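Asks: Listed below are the residues making up each chain.
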Amino acid sequence: MDVSRRDFFHIAAALGIGLPTLGSAASTPKRADEVGLKDIYSFNARGNVTLLHICDMHAHIKPLYWREPSTLISAPNLTGTPGFLCGESFLKHYGMKGKTLDAYFDTHMNFDALAHKFGKMGGIAHMKTLINHIKKERGADNVMLLDSGDTWQGTGLALKTTGEAIVKAQNYLGVDVMVGHWEFTYGKTRVKELIEMLNATFISQNIIGDDSFADDFEELIFKPYTIQERGGAKIGIIGQSFPFTSTANPKEFTQGWSFGLRLDTLQTYVDKLRKEEKVDCVVVLSHDGFSVDQEVARQVKGIDFILSGHTHDPSPQPTVINGTVIVIAGSHGKYIGRLDIDIQNHRVKGYEYKLIPVAANLIPADPEGVDLVNSLYAPHEKEFSEVLGVTKNILYKRDTFHSPFDELINDAIIDTMDSDISFTPGYRWGTTVLGGDEITMDSVYDMTAITYPNVYTFELTGKHIRSLLEDIADNVFNPNPLYQQGGDMSRLGGVTYSIKISAPSGKRISNILVKGKPLDDNKTYKVSSWGGNLQNAGTNLRDSLTRPVYDVTASYIRRQKNVNIDGHSNVDILDYDCGCPRKGSKGC
Amino acid sequence: MERRSFLKSFGAVAAVCSVGLPQIASADEAKKVVGPNEMSYDNAVAAITGGKPVTPSAKVVVSAPEIAENGAVVPVKVTVESPMTSKDYVKAIHVLASKNSNVRCANIYLTPANGEAYFGTRVKLGGTQDVVAIVEMSDGTFLSAKQNVKVTIGGCG
Numbered sequence: 001m002d003v004s005r006r007d008f009f010h011i012a013a014a015l016g017i018g019l020p021t022l023g024s025a026a027s028t029p030k031r032a033d034e035v036g037l038k039d040i041y042s043f044n045a046r047g048n049v050t051l052l053h054i055c056d057m058h059a060h061i062k063p064l065y066w067r068e069p070s071t072l073i074s075a076p077n078l079t080g081t082p083g084f085l086c087g088e089s090f091l092k093h094y095g096m097k098g099k100t101l102d103a104y105f106d107t108h109m110n111f112d113a114l115a116h117k118f119g120k121m122g123g124i125a126h127m128k129t130l131i132n133h134i135k136k137e138r139g140a141d142n143v144m145l146l147d148s149g150d151t152w153q154g155t156g157l158a159l160k161t162t163g164e165a166i167v168k169a170q171n172y173l174g175v176d177v178m179v180g181h182w183e184f185t186y187g188k189t190r191v192k193e194l195i196e197m198l199n200a201t202f203i204s205q206n207i208i209g210d211d212s213f214a215d216d217f218e219e220l221i222f223k224p225y226t227i228q229e230r231g232g233a234k235i236g237i238i239g240q241s242f243p244f245t246s247t248a249n250p251k252e253f254t255q256g257w258s259f260g261l262r263l264d265t266l267q268t269y270v271d272k273l274r275k276e277e278k279v280d281c282v283v284v285l286s287h288d289g290f291s292v293d294q295e296v297a298r299q300v301k302g303i304d305f306i307l308s309g310h311t312h313d314p315s316p317q318p319t320v321i322n323g324t325v326i327v328i329a330g331s332h333g334k335y336i337g338r339l340d341i342d343i344q345n346h347r348v349k350g351y352e353y354k355l356i357p358v359a360a361n362l363i364p365a366d367p368e369g370v371d372l373v374n375s376l377y378a379p380h381e382k383e384f385s386e387v388l389g390v391t392k393n394i395l396y397k398r399d400t401f402h403s404p405f406d407e408l409i410n411d412a413i414i415d416t417m418d419s420d421i422s423f424t425p426g427y428r429w430g431t432t433v434l435g436g437d438e439i440t441m442d443s444v445y446d447m448t449a450i451t452y453p454n455v456y457t458f459e460l461t462g463k464h465i466r467s468l469l470e471d472i473a474d475n476v477f478n479p480n481p482l483y484q485q486g487g488d489m490s491r492l493g494g495v496t497y498s499i500k501i502s503a504p505s506g507k508r509i510s511n512i513l514v515k516g517k518p519l520d521d522n523k524t525y526k527v528s529s530w531g532g533n534l535q536n537a538g539t540n541l542r543d544s545l546t547r548p549v550y551d552v553t554a555s556y557i558r559r560q561k562n563v564n565i566d567g568h569s570n571v572d573i574l575d576y577d578c579g580c581p582r583k584g585s586k587g588c
Numbered sequence: 001m002e003r004r005s006f007l008k009s010f011g012a013v014a015a016v017c018s019v020g021l022p023q024i025a026s027a028d029e030a031k032k033v034v035g036p037n038e039m040s041y042d043n044a045v046a047a048i049t050g051g052k053p054v055t056p057s058a059k060v061v062v063s064a065p066e067i068a069e070n071g072a073v074v075p076v077k078v079t080v081e082s083p084m085t086s087k088d089y090v091k092a093i094h095v096l097a098s099k100n101s102n103v104r105c106a107n108i109y110l111t112p113a114n115g116e117a118y119f120g121t122r123v124k125l126g127g128t129q130d131v132v133a134i135v136e137m138s139d140g141t142f143l144s145a146k147q148n149v150k151v152t153i154g155g156c157g
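Protein chains in written order, with this note's numbering: chain A, 1 to 588; chain V, 1 to 157.
Dumping the calculated SDA-like pairs for lysine to any residue here, alpha-carbon to alpha-carbon at most 25 Å: (1) Lys463/A x Lys99/V; (2) Lys124/V x Asp211/A; (3) Lys500/A x Asn148/V; (4) Lys349/A x Gly323/A; (5) Lys251/A x Gln147/V; (6) Lys507/A x Gly71/V; (7) Lys272/A x Val62/V; (8) Lys92/A x Phe111/A; (9) Lys77/V x Gln267/A; (10) Lys59/V x Gln147/V.
Residues on chain A that point at chain V, a partial pick, calculated with CB under 10 Å: (11) Phe244; (12) Ser258; (13) Gly260.
Calculated from the structure, these hints are not laboratory results.
Given the structure is predicted, the values throughout are model-derived calculations rather than measurements.
Cβ coordinates follow ideal geometry from the N, Cα and C atoms, glycine included.
Generate coordinates for the entire structure from the input sequences, incorporating the hints supplied.
Replies: Printed below as a string of structure tokens:
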């Protein structure tokens with residue numbers, strides 16, 4: 001739904017909205033009827049260099065709704081720390097007020113109501129207007145646009161063009177440097193083709209050859225770093241692609257490449273940039289994940305800034321660890337992070353940061369961007385715009401254990417495959433459909449568009465299911481960030497269970513019920529799953545049932561017409577009282 | 001046999017051979033020398049040290065991934081800081097996997113002629129566990145270091 005500027009101000013006044021600014025730019029929140037574009041642009045400019053940062057766009061070149069999580073549970077030692085903040089705890093941590101434009105972007109609270117008032121988020125045409133404004137203000141030669149990856153995948157358009165449409169969008173935005181994760185799921189050959197089309201430098205210090213008979217055995221696959229001059233300063237940028245790509249996504253796409261954190265070589269490159277290349281500022285462009293990068297800052301010395309990605313966290317203020325400043329810019333094109341750096345005498349003297357919300361109703365669209373989006377979508381418009389049904393309640397993707405859109409997908413799979421249990425992956429990308437809105441084919445692709453989309457149906461014993469759940473839980477709730485992979489818990493259909501997050505590895509899950517009956521360790525269950533590799537653990541794969549998840553989901557919604565998901569979680573958390581606990585607390 | 005599967009099967013061997021060490025005992029050979037496959041971790045350590053104390057040391061560095069890309073071939077490198085002179089050298093590097101059914105992965109015996117105490121191989125890990133290096137020095141003391149490696153079916157986004 002679009003609202004006019006006048007409506008927006010009227011509504012903003014009713015809600016008492018002010019736009020808080022950060023750091024030394026902070027001032028008394030303005031009266032709502034004064035909030036406008038200049039508040040979004042407002043920035044206490046500093047120094048000679050501006051880094052603009054985007055991450056995890058997941059191919060969303062059009063504005064969308066994206067609701068942040070209402071449940072974000074972690075191991076107790078990490079509870080309420082940046083990366084594990086949501087809702088009220090998020091607002092308290094960052095000193096923000098509710099019902100503001102920023103709160104609408106950063107939290108789930110009052111999302112349905114605020115969405116109708118504030119409208120959509122992101123979109124390249126709106127991002128470009130913001131980028132152009134900043135380049136004009138700072139001088140284009142002093143600005144760099146860095147992309148932390150997960151850009152080429154996440155929509156039907158990305159899938160149908162195997163990433164090409166999104167590379168065109170990046171070139172239009174003017175991306176200068178990028179790293180990757182889901183990018184690699186197009187396969188090695190296509191990745192290299194797309195990098196050829198991309199007007200940016202693709203860097204990664206943590207991907208090396210794994211084929212001991214190849215020339216590149218233990219050699220770098222990409223340039224580990226790039227040195228760029230901006231505002232008279234030499235800036236060294238080291239690339240850190242997703243360290244666990246080969247574990248989290250099918251190995252076949254990156255056969256012969258080895259991923260990993262490689263903090264020892266990261267330290268070597270930091271030292272090399274400082275001592276040999278004599279850079280004035282060291283930046284790590286990362287897809288490690290926000291909590292992993294906080295650990296990186298503890299272990300690697302001499303990094304000035306980490307521009308993080310992967311875990312989709314909005315971070316309105318930087319996190320500083322051992323002198324390293326860490327920022328992350330949300331997801332789905334909702335934000336552009338602006339980092340002004342004051343570099344004097346070959347070192348960083350100071351900085352200023354703002355996470356700028358790309359409010360599509362306030363930032364005018366750049367006409368060139370609108371034309372580009374329209375031309376890229378035109379060949380697919382007929383398929384994507386098909387209305388499959390209408391949802392009574394909001395459908396969203398995030399939350400640690402359960403989300404309504406995943407419940408809908410699991411319902412579709414169980415209904416179609418007649419399986420006992422369905423697993424849907426705990427990805428953090430997708431879309432949000434507001435209650436009462438139509439569900440289009442495009443929305444289904446937003447939730448499911450991957451290069452390995454098949455739903456597999458096979459058999460697993462109860463005992464195996466239990467151990468798989470424990471294994472997945474240990475990836476999500478490991479107290480050591482370096483052993484996490486940054487996703488949420490797999491979503492289960494047909495199953496309810498209880499979980500004690502603080503219990504030791506292998507002992508977290510209890511009271512597993514399948515269709516209301518206790519899981520029998522010795523019984524064989526018919527299981528369907530997609531987006532992972534559970535089928536490799538199973539037996540008696542039913543080849544004849546294998547179908548892409550977007551077809552299964554779309555057909556089901558067409559049959560249902562009216563979708564009614566109540567959003568009630570199938571998981572009972574035993575040791576937390578609420579979804580957004582505060583630091584050191586079990587409650588909110 | 002296809003080139004790729006050939007390379008896959010022989011990758012581990014290449015990694016070992018490229019180090020060029022004089023003696024390499026595989027896990028199988030170790031088993032024949034020191035006892036049954038099912039030896040517990042503590043017993044395996046005792047078999048190596050003869051009951052002498054083992055001191056964790058920063059001189060020993062075990063490099064292994066935090067999360068295994070493939071539990072069947074986990075790259076492990078061990079380096080020991082040592083002058084490698086006839087008076088002070090590393091006599092042996094033992095690689096153990098704390099929870100494998102056969103915990104002993106490799107026993108590497110060195111002499112000062114090696115020049116450097118460095119060994120790389122790939123080990124198979126049956127599950128999440130520590131990869132441990134126990135190092136015998138020429139003065140008869142034992143040093144150690146370890147790295148936890150998570151073996152998981154994975155899945156996230």
